[in-house]
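Engineer: Sequence:
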Amino acid sequence: QVQLVESGGGLVRPGESLRLSCAASGVSISIKVMAWYRQTPGEQRELVAAIYSNGTPVYADFVKGRFTISRDIRKNTVYLQMNNLKPEDTAVYYCKFTTAWGDSWGQGTQVTVSS
Numbered sequence: 077q078v079q080l081v082e083s084g085g086g087l088v089r090p091g092e093s094l095r096l097s098c099a100a101s102g103v104s105i106s107i108k109v110m111a112w113y114r115q116t117p118g119e120q121r122e123l124v125a126a127i128y129s130n131g132t133p134v135y136a137d138f139v140k141g142r143f144t145i146s147r148d149i150r151k152n153t154v155y156l157q158m159n160n161l162k163p164e165d166t167a168v169y170y171c172k173f174t175t176a177w178g179d180s181w182g183q184g185t186q187v188t189v190s191s
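With this note's numbering as the guide, the letters of the sequence shown map in order to residues 77 to 191.
Be careful, since some hints might not be right.
Unchecked claim - Capping the alpha-carbon separation at 16 Å, the derived lysine to aspartate or glutamate pairs in EDC-like fashion look like this:
no., residue 1, residue 2
1, K108, D179
2, K108, D148
3, K162, D137
4, K140, E164
5, K140, E122
6, K172, D137
7, K162, E92
8, K172, E122
What the hints contain is simulated information worked out from the structure, not anything from laboratory work.
All chains, full assembly: derive it from the sequences and hints.
Structural biologist: Structure, rendered in structure tokens:
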């Protein structure tokens with residue numbers, strides 16, 4: 077069973093940066109998609125960025141030019157570099173890995189952007 081562990085969240089000021097990490101264990105088959113989502117209270121979870129098995133990244137419009145998704149295949153780890161953070165980026169960020177077994181989610185990490 078795939079288990080995901082996230083790290084890197086925290087409290088930052090507007091304009092600052094954070095780097096989230098999500099490491100998977102228990103993976104013995106190919107990961108099709110590695111993705112980051114975020115959720116605020118009362119709202120649906122929304123896609124932030126994803127990276128496909130061929131290395132192609134996709135981004136939500138609201139993070140284009142500010143966030144970068146990357147991966148280390150050997151470590152089964154995905155990263156989200158978040159620059160120029162804004163108060164509206166405040167949310168719980170979740171990683172999701174998709175394999176032939178289905179989707180696996182991390183436990184979430186809080187990102188708070190406030191002056």
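Engineer: Holds or violated: are the alpha carbons of K140 and E122 at most 16 Å from each other?
Structural biologist: Holds - the C-alpha atoms of E122 and K140 are around 15 Å apart, at most 16 Å.
Engineer: Does the alpha-carbon distance linking K172 and E122 stay inside the 16 Å limit?
Structural biologist: Roughly 12 Å separates the two Cα atoms, so the pair holds.
Engineer: K140 and E164: Cα distance at most 16 Å?
Structural biologist: holds (14 Å)
Engineer: Could you grab the alpha-carbon distance between K108 and D179 and see if it respects the 16 Å cut-off?
Structural biologist: holds (10 Å)
Engineer: Can you confirm whether the C-alpha distance between K108 and D148 stays at or below 16 Å?
Structural biologist: holds (14 Å)
Engineer: Against the 16 Å threshold, does the CA-CA distance of K162 and E92 hold or violate the hint?
Structural biologist: Given that 16 Å is the threshold and the Cα spacing comes to 8 Å, the pair holds.
Engineer: Holds or violated: K162 and D137, Cα atoms, limit 16 Å.
Structural biologist: holds (14 Å)
Engineer: Are the Cα atoms of K172 and D137 separated by 16 Å or less?
Structural biologist: violated (19 Å)
Hint violations for this structure: number 6 only, all remaining hints satisfied.
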